[in-house]
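J.: In case you want the letters, here they are:
Number of protein chains: 2
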Amino acid sequence: MDEQAEKFRVVRLRSRTKEHVEDFAVKETPLTIFLNGEELVTLLCTPNDLSHLAIGFLATEGFIKKREDIKNIELDREKGIIRIDIKDLSGMAKENFTKRMITSGCGKGTIFYNLGDTLGCSIIQSRMEVSHEEIFNLMKEFQKSSLLFRKTGGVHSCALCKDCKILKSKDDIGRHNALDKILGQCFLEGISTYDKLILTTGRISSEILIKGAKWGIPIIVSRGAPTNLAIRLAEKLGVTLIGFVRGQRMNIYAHPERVMVNNG
Amino acid sequence: MDEQAEKFRVVRLRSRTKEHVEDFAVKETPLTIFLNGEELVTLLCTPNDLSHLAIGFLATEGFIKKREDIKNIELDREKGIIRIDIKDLSGMAKENFTKRMITSGCGKGTIFYNLGDTLGCSIIQSRMEVSHEEIFNLMKEFQKSSLLFRKTGGVHSCALCKDCKILKSKDDIGRHNALDKILGQCFLEGISTYDKLILTTGRISSEILIKGAKWGIPIIVSRGAPTNLAIRLAEKLGVTLIGFVRGQRMNIYAHPERVMVNNG
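Chains as they are written, first to last, in our numbering: chain V, 1 to 264; chain H, 1001 to 1264.
Isolated chain V, as found in the complex (with noise of 0.2 Å):
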């Protein structure tokens, strides 16, 4: 863990006493994206899970379409550089890329109300359902689980989870890149994402709601508010969209016959 943080002196004052502490902060790093030899992009992340970090976002991007898709992954740590290489380069995905947004979230956003994008996402129809016991459950249970954030209080968490339970869990200065981060390790290791639920620290903007549509989520969960596009897209995409789950209360913006409640 001491990879994703640095330790600093720091002053530390509590009302008028000062005195002088170590402290941890979370690391960020530039990790470039080299794919078929050519620099795509330099995303600033917390340096763990990089491989699922760059296979994630060039899947999510429209890069690649399947594992087969991929020839070779080439991490230098040191350097901050990641070499891929992929069978195809569609020329489609690399113009969509340049004409991307720079966008309030992330800064990796597709323009929502770009064609392309939005043929993207297939309308979710998944018969998933959750109890609101177990959404309350996953969130406590998700909040303890970053040991990172607790050192460092500085990154955002992501997490998917079945069947009441925590599958995998990732943690980076970017709300985008930890979800990037999971769905690039459930590419790699074929694991599905339309049958899971997907839990944030972070809030939902437009840009994470499409991301998790791509994959096909059927359920979005987080600690924070949506932005009133996030609700809508969730509505139109089939999306169950649920907010503010803080200890024993949530709020369903979009699609709540996902969620059973038990009277009971």
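A hint or two may mislead.
Stated by the list, open to error - Below are the PhoX-like pairs computed for lysine-lysine, each with C-alpha atoms no more than 20 Å apart in a straight line:
#	chain 1	residue 1	chain 2	residue 2
1	V	K168	V	K144
2	H	K1007	V	K7
3	V	K236	H	K1007
Honestly, the hints are just simulated from the structure, not real lab data.
Given the coordinates of chain V, assemble chain H onto it according to the supplied hints.
T.: Positioned in the frame of chain V, the structure of chain H alone reads:
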């Protein structure tokens, strides 16, 4: 304020009690900047202070250096378009812009190790001082000040302060946008930034630090955590970096000499 929030029908669960309520979600809309007739970028943002946002963005990115560079600003709120005409479109700024990183934090990152950028930040030698009480009081007032946050829980806020007063305060779904709105207003109204303090609700990543440093802001204060890179840059660039300001506590990560602690 209703222009910045939308009302939704929400299913609210408290324990196992289900009720249908109305609740507000913060608005997220695209703003496309056309610079001298050419489409430059689309930001996802909260639809207020859009001219300030666009100008703050352009100035931080190096497209404009002084107010006189701007020939015309034309905002079409309906279409989510702002057309800005400037005197000289620097090829350098445009080239740097297209090389930008997609970043963890908010996607408006400039490459911190990019020479041009680093040169864009002079070392800050301001003798500005603040007392610890001033910081505690400002943060207390700041946290009460955002009506949009209280209504939606979905925005970051950023404030410009001097002499124990909050001079400007802006909200946005993105941390970067909120800061750009402040900086854009300062740019347009000729308000100096080198003698001011910035408060933010968001975490401090390298990009936020660089953005502040570019504008000569000597003190950056957050409720949240900084990253290791932000701390290192603050040390190097002469910025006083304060995090985790909560109640009567704070951590000073870099250049504590600007914070006076009154012992009595």
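J.: Hint by hint, say whether it matches the structure.
T.: How the hints compare with the structure:
1. K168/V - K144/V: holds (14 Å)
2. K1007/H - K7/V: Since the Cα atoms of K1007/H and K7/V sit roughly 45 Å apart, the hinted pair is violated (cutoff 20 Å).
3. K236/V - K1007/H: holds (17 Å)
The structure fails to meet hint 2 from the earlier list, while all remaining hints are met.
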